[in-house]
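> So the chains spell out like this:
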Amino acid sequence: MQLLNHLNFPKLSRAQIRTFKDKLTAFYMAVGGIGVIITILLIFFYLVYTVYPLFKSADISEVNSFPVNTHYGQTLHLAVEEQNKIAVQYTNKGYALFFDTRTGKQIKQIDLLANNKAKVTSFKISQLVNNTVIFGLSNGRVLIAKHHFRISYPDDKMHIEPEIIYPAGKKPILVDNKKQALIDVAYQQNDEQARIIAITDDNRILMVLLQRESSGLLEEEDEETSAEFTKTIVDLPKIQGAQSILIEPQQRIAYIATKSGEITVIDISEEDNINVIEKVHLLKDNQTLTSFTFLTGGISILVGNNEGEIAQWFPVNADNIPHLTFIRSFNQQQSGIIDIETEQRRKGFVSVTRDGQIAIFNSTAKREVLNVVIPEMSIQHIALSPRADFLITANNKEITTWHIENEHPEISWAILWEQVWYESYTEPEYTWQSSSADNDFEPKYSFMPLAFGTLKAAFYAMLFAIPLAIMGAIYTAYFMAPKMRAIVKPSIEIMEALPTVILGFLAGLWLAPFLEENLVGVFSLLIVMPMGILLFSFGWQTLPKKIRLQVPDGWHAALLIPVIFFLGWVALSLSPQLEVFFFDGNIQLWLKESLGMDFDQRNALVVGIAMGVAVIPTIFSIAEDAIFSVPKHLTFGSLALGATPWQTLIRVVILTASPGIFSAVMIGMGRAVGETMIVLMATGNTPVMDFSIFQGMRTLSANIAVEVPEAEVASTHYRILFLAALVLFLFTFIFNTAAEIVRHRLRKKYSSL
Amino acid sequence: MIKKWFKSGDPWIWLNAAAVSTSIIIVVGLLLLIAVRGLSHFWPAHVIQAELVNNSQRITLIGEVIETEEVPIQRLLDSGINIKTDKEFITRTLLKVGNRDKLGSDFRWIIFPENTAINYPKNIIQVERREWGNFYGYIKNITKNGKIIATQDAAWQQLQPLIDKTNELHDKIRNIEKNEIGGINYQLERFRLERRKFELQGINDKEALAEISASEAKLYKEYEVHKKSLAVLYKEITTYSVNAEIMDGQDVVIPLATIVRAYQPNALTFLQKISTYFSKLAEFIFDDPREANTEGGIFPAIFGTVLMVILMAILVTPCGVIAAIYLREYAKQGPLTRLIRIAVNNLAGVPSIVYGIFGLGFFIYFLGGEIDQLFYPEALPTPTFGTPGILWSSLTLAILTVPVVIVATEEGLSRIPKSLREGSLALGATKSETLWRIIIPMATPAMMTGMILAIARAAGEVAPLMLVGVVKLAPSLPLDGSAPFLHLDRKFMHLGFHIYDVGFQSPNVEAARPLVYATSFLLVLVIVILNLAAIWIRNNLREKYRNLES
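Chains as they are written, first to last, in the numbering used here: chain A, 201 to 953; chain B, 19 to 568.
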């Protein structure tokens with residue numbers, strides 16, 4: 201019965217309905233209120249959530265493992281295709297074996313040395329030339345082969361057909377006329393020519409230059425091109441104990457290393473003028489070279505030794521001569537490096553040691569993103585997929601496949617805030633250069649130039665705004681007639697709402713050319729203005745009382761308006777004369793020739809003034825409030841004790857209100873730091889680190905506005921821009937909170953006074 | 019005496035006063051600069067004709083004087099201009115010579131020799147064209163299908179009615195192209211998506227498909243009709259052209275279809291000038307932009323700004339008010355609420371670009387992407403909501419401005435005397451009754467203030483919008499005649515972004531500058547009025563409670 205009553209909506213008493221409504225309102229207010237508050241706090245969490253993956257370590261997980269097929273010989277090298285579905289294994293019997301990476305099932309085997317009795321004596325992958333390998337043979341010949349995966353879509357399903365291409369012909373090329381076995385080989389090619397360098401068994405070093413006769417390209421799919429080459433064989437200088445060779449992609453320089461880590465750098469650009477540029481020791485005594493390879497792009501060399509050290513070297517120009525220079529070393533591994541496999545699209549690499557320690561690094565960031573030890577495997581070979589998300593390891597018995605989760609290895613504290621030695625730079629630098637079309641590009645994500653630009657812009661803005669705003673606030677709050685204050689205060693405050701895009705537009709299109717024209721006049725204002733005002737006030741002082749009393753107390757400011765106009769007019773109209781008199785009629789040229797300062801039309805001066813104008817109302821309004829609300833009995837007391845108004849102001853009012861003025865400056869600073877449109881429009885947006893007032897800058901906020909629309913979603917660049925936003929967020933949040941707390945304290949202090 | 023004077027501190031007071039005066043001069047100067055430059059653009063200026071001799075060559079220049087300035091000779095010499103004079107300064111003049119199609123650029127810096135004859139011939143005509151900018155020169159004749167029908171003065175007499183007629187035709191053509199055919203295209207696209215939807219869901223509803231086909235056929239038929247009438251109109255509009263001569267004697271053919279307005283600037287009476295002024299002003303406010311936004315009107319930008327701001331206000335006001343009421347009336351006052359209050363307060367100071375990037379990441383890529391997956395799979399891979407648009411813009415700005423509303427409303431709530439609340443409760447009202455009947459009505463002005471301040475802030479904000487929805491030229495308005503009328507997924511134009519884009523990204527900045535000033539003036543006007551309204555309401559509010567408290 202009770203239940204039925206409820207279902208039939210029993211007649212609730214009025215009180216019950218009212219209580220229900222009350223509860224309902226309370227509920228909705230709570231849900232709504234908390235919801236809104238959570239939503240706006242969500243910004244912070246979302247920024248953190250987007251930025252977090254940048255700092256995550258990499259992850260590796262075993263996918264599969266299967267026995268290795270030893271029937272065709274020992275493994276020399278492994279490689280995986282783009283989709284991580286098919287891999288290729290080169291063996292020392294000259295076979296290329298293609299297998300499925302999920303099952304290990306053999307798909308295809310190709311005998312590269314068919315009808316050839318020679319044995320494989322050396323092997324090298326030719327880095328930087330896609331998928332190309334080179335075999336050095338026992339009869340002084342080399343074979344160049346390239347694996348290729350042809351992708352087609354029969355019935356809308358992806359089908360990958362592996363195949364082998366011979367870029368220099370199917371027949372091995374004769375390198376050594378004496379037919380000695382080749383103990384190391386290297387190969388490099390471009391559209392017109394290819395170079396092979398080989399070390400023979402009796403320690404001669406030979407270079408073969410292949411040049412195309414007809415002007416076609418080295419067709420990737422063309423298998424029968426061998427006839428069209430001309431071949432030149434050149435002897436390179438002998439090097440005792442030569443062990444390993446690298447040729448850089450432009451084929452100008454070859455690096456030949458010995459076991460003890462001595463590198464000979466040879467200029468091979470002209471075959472009839474081979475010369476040794478320098479010899480460099482890469483290792484300490486008693487260390488031996490175990491790994492010697494290029495990083496993507498072919499500029500940096502990675503050197504691994506038997507003690508587990510990996511170091512990066514690249515040529516640095518000094519007086520136009522490149523010197524192979526030590527750049528950085530990476531975390532030392534516990535045992536000797538066996539193999540270093542580089543990523544194809546980033547400046548990263550994977551190292552493996554004798555004891556089965558696998559580590560993943562990023563070279564620019566000098567960051568070790570992963571380090572795991574798999575001791576039981578005794579890995580001998582590793583292969584990284586083109587996307588660097590898949591790894592194959594192999595030993596004598598087993599091939600194991602791994603999945604790698606390593607999205608953002610490029611970021612570390614050092615790369616954001618410290619000087620980094622980028623490839624082809626002559627010294628470590630702070631640089632922001634986020635993107636390029638090229639895969640080999642080394643992205644330069646230093647926040648320093650941006651943070652510097654942000655602070656520089658804010659500094660010049662504050663330099664302009666603080667004196668005007670605070671002095672103005674002092675006068676308005678303490679000396680100005682109430683009637684005038686009622687007009688002045690709101691009219692300055694209304695400026696706060698002026699869209700910054702308008703200020704930016706005026707700064708860029710009106711102020712910048714104006715300042716360029718009248719630079720001398722504007723700087724002369726700095727002297728003319730205070731002097732003129734002091735002169736005027738002194739003159740006013742000496743006027744007879746009758747005239748002086750015409751202007752009531754507290755209206756000085758109104759009196760000064762025509763004076764300032766006059767002084768401004770004087771300074772600006774004298775500008776050309778001054779420029780001719782002091783600076784030969786062209787101050788920009790004078791600056792460059794006498795002080796070596798470049799002049800940008802859109803420079804820090806323009807930004808300083810425009811952004812100063814934007815923050816004056818903020819600072820003015822808060823500082824004025826603080827000064828105005830200093831309790832009156834304090835000032836009256838001081839005046840009654842015989843202090844002049846100025847003394848009272850300096851010793852009593854300002855001192856009491858100083859926390860409020862401080863918080864005004866902080867809030868103004870916060871606004872200047874985050875302002876986007878003005879800096880976007882009034883500077884050239886070049887990320888330079890130059891504090892000159894006549895140079896532009898790029899700020900964090902303008903950088904976000906410029907680059908985020910082009911950044912690929914969830915890429916490192918995208919997340920870094922979010923990081924920039926987070927930095928801005930925290931920066932302004934901290935500034936504002938500090939200011940808020942100071943103001944809160946001040947309010948308490950006043951109420952207790 | 020000077021020492022004594024310094025000791026009295028007076029000079030420092032004067033310097034402080036100077037700071038106020040300077041600030042005031044900056045404020046007023048800025049507003050005046052924008053107003054004068056923005057409003058004077060529409061005034062039909064005199065066109066000069068200057069005859070001068072340069073290297074024993076007679077040159078005639080016709081154009082509007084934009085500005086003159088004094089420059090040191092040295093600077094001109096440094097930049098490679100060869101002048102023979104013993105003076106140190108020289109006056110140069112920026113002349114708008116127009117005729118971009120023949121002369122290459124609209125503007126020329128000229129240094130007039132002393133023997134230049136400047137006069138203002140009454141029969142110079144100025145023609146505003148839909149392409150190539152202004153024409154300045156003399157009319158020769160009017161042709162109809164290639165045959166001359168009037169020459170010289172007679173031609174000028176006949177020109178005006180013909181321009182009115184072709185403008186009418188032009189409007190008709192535009193109406194058909196934009197509204198009628200645009201609407202048809204929009205519907206056809208919707209039918210295509212509907213088909214795709216059936217395909218995706220594996221439904222083979224023959225009836226529905228037949229219905230779609232029938233409607234499509236109907237639309238195609240309509241389209242054919244429009245196409246025919248367009249062909250007729252196009253033929254009609256290309257009938258007449260004007261042959262005219264520019265300053266260096268070159269002949270120019272101006273098809274009448276490209277003329278917006280033509281007048282003889284030096285022959286206008288004051289009243290005619292005023293009427294031309296207002297006709298130009300009306301064009302500026304109510305017309306679409308032309309020539310990569312550097313000419314014509316800014317109507318789509320005004321419309322986009324207003325619509326976006328209205329949407330934002332609808333979103334932000336209830337949210338902000340509820341949050342403020344919760345914080346002030348319901349939440350337990352303690353350290354946590356204080357912390358939240360400080361946080362909310364400080365969010366108002368977080369740079370707007372941070373909100374922009376948040377909007378891009380969270381709303382567009384995350385929420386928008388999800389919405390597209392769920393509700394608009396048929397349009398993929400073209401995103402519907404997973405791309406910048408007006409909805410995301412107003413949401414982003416709503417989050418940006420919600421602290422403003424919260425702070426203003428809370429301030430209003432805190433000003434309501436406690437005695438009123440206690441009185442109501444003591445009389446037996448519940449908390450919600452007190453809230454609805456006493457507190458909210460009294461706090462309404464505060465909420466209004468908050469809303470107006472939020473609108474004023476949102477109307478001027480550009481940086482976040484650049485990431486979440488504005489474009490330089492939107493093909494269609496977000497509100498139009500095709501169902502569902504309000505297209506929240508569309509991109510839109512915005513006054514502030516228009517200023518940035520035209521001022522900094524346009525190919526012809528010099529020509530566009532006056533329009534940017536005019537746009538700025540409009541924006542400033544709107545924002546200043548909104549702010550003044552907020553201040554006025556706030557002051558009234560304070561008065562009201564002062565009375566209550568006493």
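Certain hints may be false.
Listing some non-contacts, in silico: residues in chain B with all C-beta distances to chain A over 12 Å [what the hints assert, rightly or not]:
id : residue
1  : Ser26
2  : Glu87
3  : Lys190
4  : Tyr241
5  : Lys253
6  : Gln282
7  : Ile328
8  : Ser450
9  : Phe515
Under the rule of at most 16 Å between Cα atoms (straight-line distance), these lysine to aspartate or glutamate pairs were calculated in the EDC-like manner [stated by the list, open to error]:
id : chain 1 : residue 1 : chain 2 : residue 2
10 : A       : Lys223    : B       : Glu254
11 : B       : Lys105    : B       : Asp119
12 : B       : Lys190    : B       : Asp306
13 : A       : Lys597    : A       : Glu576
14 : B       : Lys105    : B       : Glu88
15 : A       : Lys792    : B       : Asp269
16 : B       : Lys449    : A       : Asp784
17 : B       : Lys215    : B       : Glu229
18 : A       : Lys346    : A       : Glu361
19 : B       : Lys190    : B       : Glu254
20 : A       : Lys379    : A       : Glu361
21 : A       : Lys223    : B       : Glu88
22 : B       : Lys158    : B       : Asp269
23 : B       : Lys105    : A       : Asp784
24 : A       : Lys221    : B       : Glu87
By construction, these hints were calculated from the structure, which means they are not laboratory data. All C-beta atoms, glycine included, are put in the ideal place defined by N, C-alpha and C.
> With reference to the structure, classify each hint as holding or not holding.
Consistency of the hints with the structure:
| no. | hint | verdict |
| --- | --- | --- |
| 1 | Ser26 | 6 Å, violated |
| 2 | Glu87 | 7 Å, violated |
| 3 | Lys190 | 36 Å, holds |
| 4 | Tyr241 | 35 Å, holds |
| 5 | Lys253 | 43 Å, holds |
| 6 | Gln282 | 31 Å, holds |
| 7 | Ile328 | 18 Å, holds |
| 8 | Ser450 | 4 Å, violated |
| 9 | Phe515 | 8 Å, violated |
| 10 | A:Lys223 <-> B:Glu254 | 72 Å, violated |
| 11 | B:Lys105 <-> B:Asp119 | 37 Å, violated |
| 12 | B:Lys190 <-> B:Asp306 | 15 Å, holds |
| 13 | A:Lys597 <-> A:Glu576 | 12 Å, holds |
| 14 | B:Lys105 <-> B:Glu88 | 12 Å, holds |
| 15 | A:Lys792 <-> B:Asp269 | 47 Å, violated |
| 16 | B:Lys449 <-> A:Asp784 | 79 Å, violated |
| 17 | B:Lys215 <-> B:Glu229 | 15 Å, holds |
| 18 | A:Lys346 <-> A:Glu361 | 14 Å, holds |
| 19 | B:Lys190 <-> B:Glu254 | 12 Å, holds |
| 20 | A:Lys379 <-> A:Glu361 | 36 Å, violated |
| 21 | A:Lys223 <-> B:Glu88 | 76 Å, violated |
| 22 | B:Lys158 <-> B:Asp269 | 9 Å, holds |
| 23 | B:Lys105 <-> A:Asp784 | 14 Å, holds |
| 24 | A:Lys221 <-> B:Glu87 | 73 Å, violated |
Comparing the model with each numbered hint stated earlier shows that hints 1, 2, 8, 9, 10, 11, 15, 16, 20, 21, 24 do not hold.
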